[in-house]
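2 protein chains.
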Amino acid sequence: MAASPQRPPVAVLLLVLLSCLTGGLSIPDPRLREALIRLEDSMQAGGKMELTDAEKRLDALLLKMKQEETARADFPPAMHFFKARDLIRASPIFSVLQKMPKGGALHVHDLSMVDVEWVVKNVTYRPHCYMCFTDNRSIRFIFSSQWPKPRPGCSPWALLEALRAKTKNATDLDNSIMNNLTLFTDQDPEVVYPSQDVVWDRFEQTFQALWGLVTYTPVFRDYFYRGLGQFYTDNVMYLEVRSLLPELYELDGSTHDKTFTLKSYQDVTEQFTANYPDFFGVRFISTVHRGVNMSVMTEVVEEAMKLQKDFPHIMAGFDMVGREENGRPLWYFREALSLPQERGINLPFFFHAGETDLEGTDVDQNLLDALLFNTSRIGHGFALLRHPVAKDLSRKSKVAVEVCPVSNQVMKLVKDLRNHPAAVLMLENHPLVISSDDPAAFGAVGLSYDFYEAFVGFGGIKSHLGSLKQLAMNSIRYSSLSPQHQEKALALWNTKWNKFVSEIAR
Amino acid sequence: MAASPQRPPVAVLLLVLLSCLTGGLSIPDPRLREALIRLEDSMQAGGKMELTDAEKRLDALLLKMKQEETARADFPPAMHFFKARDLIRASPIFSVLQKMPKGGALHVHDLSMVDVEWVVKNVTYRPHCYMCFTDNRSIRFIFSSQWPKPRPGCSPWALLEALRAKTKNATDLDNSIMNNLTLFTDQDPEVVYPSQDVVWDRFEQTFQALWGLVTYTPVFRDYFYRGLGQFYTDNVMYLEVRSLLPELYELDGSTHDKTFTLKSYQDVTEQFTANYPDFFGVRFISTVHRGVNMSVMTEVVEEAMKLQKDFPHIMAGFDMVGREENGRPLWYFREALSLPQERGINLPFFFHAGETDLEGTDVDQNLLDALLFNTSRIGHGFALLRHPVAKDLSRKSKVAVEVCPVSNQVMKLVKDLRNHPAAVLMLENHPLVISSDDPAAFGAVGLSYDFYEAFVGFGGIKSHLGSLKQLAMNSIRYSSLSPQHQEKALALWNTKWNKFVSEIAR
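Order-wise, the sequence lines are chains F and H.
Residues 1 to 506 (our numbering) are what the first sequence spells out, left to right.
Residues 507 to 1012 (our numbering) are what the second sequence spells out, left to right.
Looking at chain F on its own, in the form it has when it is part of the complex:
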């Protein structure tokens, strides 16, 4: 998409050499200086993008807004997202970014797509909903036509309807449920989550708590439909959703297999696109927790190959989830991960890798290994700058990094988002896309908050409308869509983009 970062400096050196040869200049030639500055600017994401007059007007407006925002004492990207969220909502840049057609969100987990308020106010108010309290102060749910069997490690079940009838203050109960379904808190996040261990533990608890609510078939469909709606409203036209493809259950306790889950996703997607024809679609990346053992991994890979064969239009590929540091490294699973190639079956990988700030550990080797296993993209890749060889391979083979700024901050990899390593990747126009990972767990919605942190935070003053355009286009170019579908998606995005620019610039 742009020249490699190695090339321009050669031109630079030539310029420097020329200026030395022509000699006699005491002050460094201002034209040379200007050329170097422009060269550096042109190397960044979108640095070579030609802007129309309308785009230039919008760009000037954005620059002014950004300069004002950067001058604030309470600069949102420097603050924890939980404290910054209200400030971001009030920001004029955020309002532009919400309206902006952002293309696709390529790194989103299915069980954290929908705001937890809806889950509490809608889902938990449905009939037959039971709740229990776990020994480690979390909660679990189940929908059941009969009184459910006791759950180990949990208090006796309570029917929520009955509990609410007995409770004086239903709002308190709802808030307490809500707190268990998301990391977001009004308290000081540094105090509530003092370490990565604590925040990861609480994070996994929220999924456990959501599980019984969301894997109930009717809820599952509604939840996903609402999730698509929230991204669509946020002007995201395409999604690649990572999913454990949970076994769904019915009120009588019967369960379905993964195929049923994937089919349900397909149905809901078709229903959604029928209602909103300018939504481009969804593809799925089937996942497994990296804590499993080798035989489970082998099974899961076999299953994924079958799904990939049976649902080629909506299956994008395979990935592992869970904290890298707590699970086994990719290389440990090398035999299972080699099955597709051994059998000549296509199963694209979309590995999380380098979501760590430890350097030199086994886990830190995941980045290089993901590339050796021909991963199609890299999930997070937070540690990529620390791996010059992996970084170079990722750039040269156009393996895009899925950067999730809010997630990385909440999960305590970086405090001030101006210092996110993607600042460097953006300045070098490294292949990357912006995504939101688990918006509901972080108190975010859709994709705009992450675009805000990328554009205003680590994009610095230098990133401009061309950078935003590049990021949106990247999300289609680096998607799992076939080249023909990419062209179609780009054409659709382009129409939306031009409408957006002319409306805002007006």
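The set of hints was computed from the structure by calculation and includes no laboratory data.
All C-beta atoms in this analysis are idealised placements derived from N, C-alpha and C, irrespective of residue type, glycine included.
Worth double-checking, as some hints may not be accurate.
Unchecked claim - Derived pair list, reagent style PhoX-like, types lysine-lysine, alpha-carbon separation capped at 20 Å:
| hint | chain 1 | residue 1 | chain 2 | residue 2 |
| --- | --- | --- | --- | --- |
| 1 | H | Lys918 | F | Lys412 |
| 2 | F | Lys99 | F | Lys496 |
| 3 | F | Lys415 | H | Lys918 |
| 4 | H | Lys921 | F | Lys412 |
| 5 | H | Lys605 | H | Lys1005 |
| 6 | H | Lys921 | F | Lys415 |
| 7 | H | Lys627 | H | Lys674 |
| 8 | F | Lys499 | F | Lys99 |
| 9 | F | Lys309 | F | Lys263 |
| 10 | H | Lys921 | F | Lys83 |
| 11 | H | Lys562 | H | Lys1005 |
| 12 | F | Lys83 | F | Lys412 |
| 13 | F | Lys398 | F | Lys48 |
| 14 | H | Lys902 | H | Lys554 |
| 15 | H | Lys812 | H | Lys769 |
| 16 | H | Lys904 | H | Lys554 |
| 17 | F | Lys415 | H | Lys589 |
| 18 | F | Lys263 | F | Lys306 |
Said to hold, decoys possible - Incomplete in silico selection of chain F near chain H, CB under 8 Å:
| hint | residue |
| --- | --- |
| 19 | Met43 |
| 20 | Glu335 |
| 21 | Glu359 |
| 22 | Phe373 |
| 23 | Leu385 |
| 24 | His387 |
| 25 | Val389 |
| 26 | Lys415 |
| 27 | Gly460 |
| 28 | Lys462 |
Since the structure of chain F is provided, determine the placement of chain H on it from the hints.
Quick look at chain H alone, frame taken from chain F:
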């Protein structure tokens, strides 16, 4: 010193290509993986260093220590230095680093070389020492044979001797003086210094407070002698000291010019090296505060050219000090800075540049401008990763970055030192040296604390004894010493190094 970071990946791609062509391998060839890992390892600082058997033993010991240290809950590089200092002191790695011959410290400011405890317990106990309290709650000092004239913005002068005689608790008074001479505090540094503005303001106040004490001729000489002693004891054999070359004064109020100051430095250095013949020496970089106007800058540059001509053996060159964001950018002073070249006079520059976390501002342009003015090294260069063109120029023209980890953390550019941008520079073996900037202001001594943060913090598990050796050798190779003196210094360092290795490995 090592291959450019661009070259190895070509080899990598060849290997990848070869492995694809030979084909048939389902699991990525473990030999290829091993080769890529080794390639990445070899690209880091010291990655190509051949180690002797004794060095290998020491290296294994260091690795074990580092792994144990990294596993700690209270991992010092992740904490603020003020809280980490005691832990670092107790660390077995620190004890090795103290003994290690570190070569030179190339970025040290003269008025922050000596622990403030000595300043209080020795200097302020000398006769004729007066103190006053400023309106903004700092203190000022003067030595005078007569009662000194009132100082604007300050309380009436008090003779310290008399004040101490009247005070019930002299320790409290001494501690309160000490607190005004350093940023170091036992309180929570995040609370005491909530922002860069506050910490910079307090930082400049400490120098104002020290000024009247240290610029008194007899103290000046003792202070510097003690400063050399502290670095020498910390196994630093050579220094390049930045100095405003303050006008020194006598008890009768008479003052001397800058030449006298430089000569005093020369005398003390000669005296010190006579007493400690294995100390290699000191060179000076004359500085000016970047807040001055153009005519002052012109004067100062003229003066520096003269000093450079008159003291070629001890003058290294010229630099500007003070917070980059509060002063004028280098480009503003371009005419003054071009004088030496215009007149064909040699005045090497050692510019502070990129000591900022703002991106895209005028100040952020200092990095490129420093290089355009042919700076010999870059002071701090914290923002270098955000300037791919400047980074490439610095690498290709071997303009080393002076990395000062403790300083950058205390001055609030980075919180967790594992995330210091020099992590990337070290992994790419970018020309760099480790230095301590203003150890006394940060509660540090010599250079070992900064080596600790570099080696254990941003060096990660990967950096090893070869990296330390490289950093020490860099400090000679990138010094302002002539090639012949560099060879001499390297030979001396080498003897010390071999002695160190054999003693520790035993």
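A quick look at each hint next to the structure:
1. H:Lys918 x F:Lys412: holds (18 Å)
2. F:Lys99 x F:Lys496: holds (10 Å)
3. F:Lys415 x H:Lys918: This hinted pair holds, its Cα atoms lying about 12 Å apart.
4. H:Lys921 x F:Lys412: Roughly 12 Å separates the two Cα atoms, so the pair holds.
5. H:Lys605 x H:Lys1005: Holds. Lys605 of chain H to Lys1005 of chain H sits at ~10 Å (cutoff 20 Å).
6. H:Lys921 x F:Lys415: holds (8 Å)
7. H:Lys627 x H:Lys674: holds (17 Å)
8. F:Lys499 x F:Lys99: holds (10 Å)
9. F:Lys309 x F:Lys263: The given pair, whose Cα atoms are some 14 Å apart, holds under the 20 Å limit.
10. H:Lys921 x F:Lys83: This hinted pair holds, its Cα atoms lying about 18 Å apart.
11. H:Lys562 x H:Lys1005: Satisfied, since the Cα-Cα distance of roughly 15 Å is no more than 20 Å.
12. F:Lys83 x F:Lys412: holds (14 Å)
13. F:Lys398 x F:Lys48: holds (18 Å)
14. H:Lys902 x H:Lys554: At roughly 19 Å apart (the allowed maximum being 20 Å), Lys554 of chain H and Lys902 of chain H satisfy the hint.
15. H:Lys812 x H:Lys769: Status holds; Cα separation ~14 Å.
16. H:Lys904 x H:Lys554: holds (18 Å)
17. F:Lys415 x H:Lys589: holds (18 Å)
18. F:Lys263 x F:Lys306: Satisfied, since the Cα-Cα distance of roughly 14 Å is no more than 20 Å.
19. Met43: Holds, about 6 Å.
20. Glu335: holds (7 Å)
21. Glu359: holds (3 Å)
22. Phe373: With Cβ-Cβ at 6 Å, under 8 Å, it holds.
23. Leu385: Result: holds, 5 Å to nearest chain H Cβ.
24. His387: Holds: closest Cβ of chain H sits about 6 Å from His387 of chain F, inside 8 Å.
25. Val389: holds (4 Å)
26. Lys415: Lys415 of chain F check passes; min Cβ-Cβ to chain H is 5 Å, inside 8 Å.
27. Gly460: Interface hint status for Gly460 of chain F: holds (3 Å vs cutoff 8 Å).
28. Lys462: At 4 Å from the nearest chain H Cβ, Lys462 of chain F passes the 8 Å test, so the hint holds.
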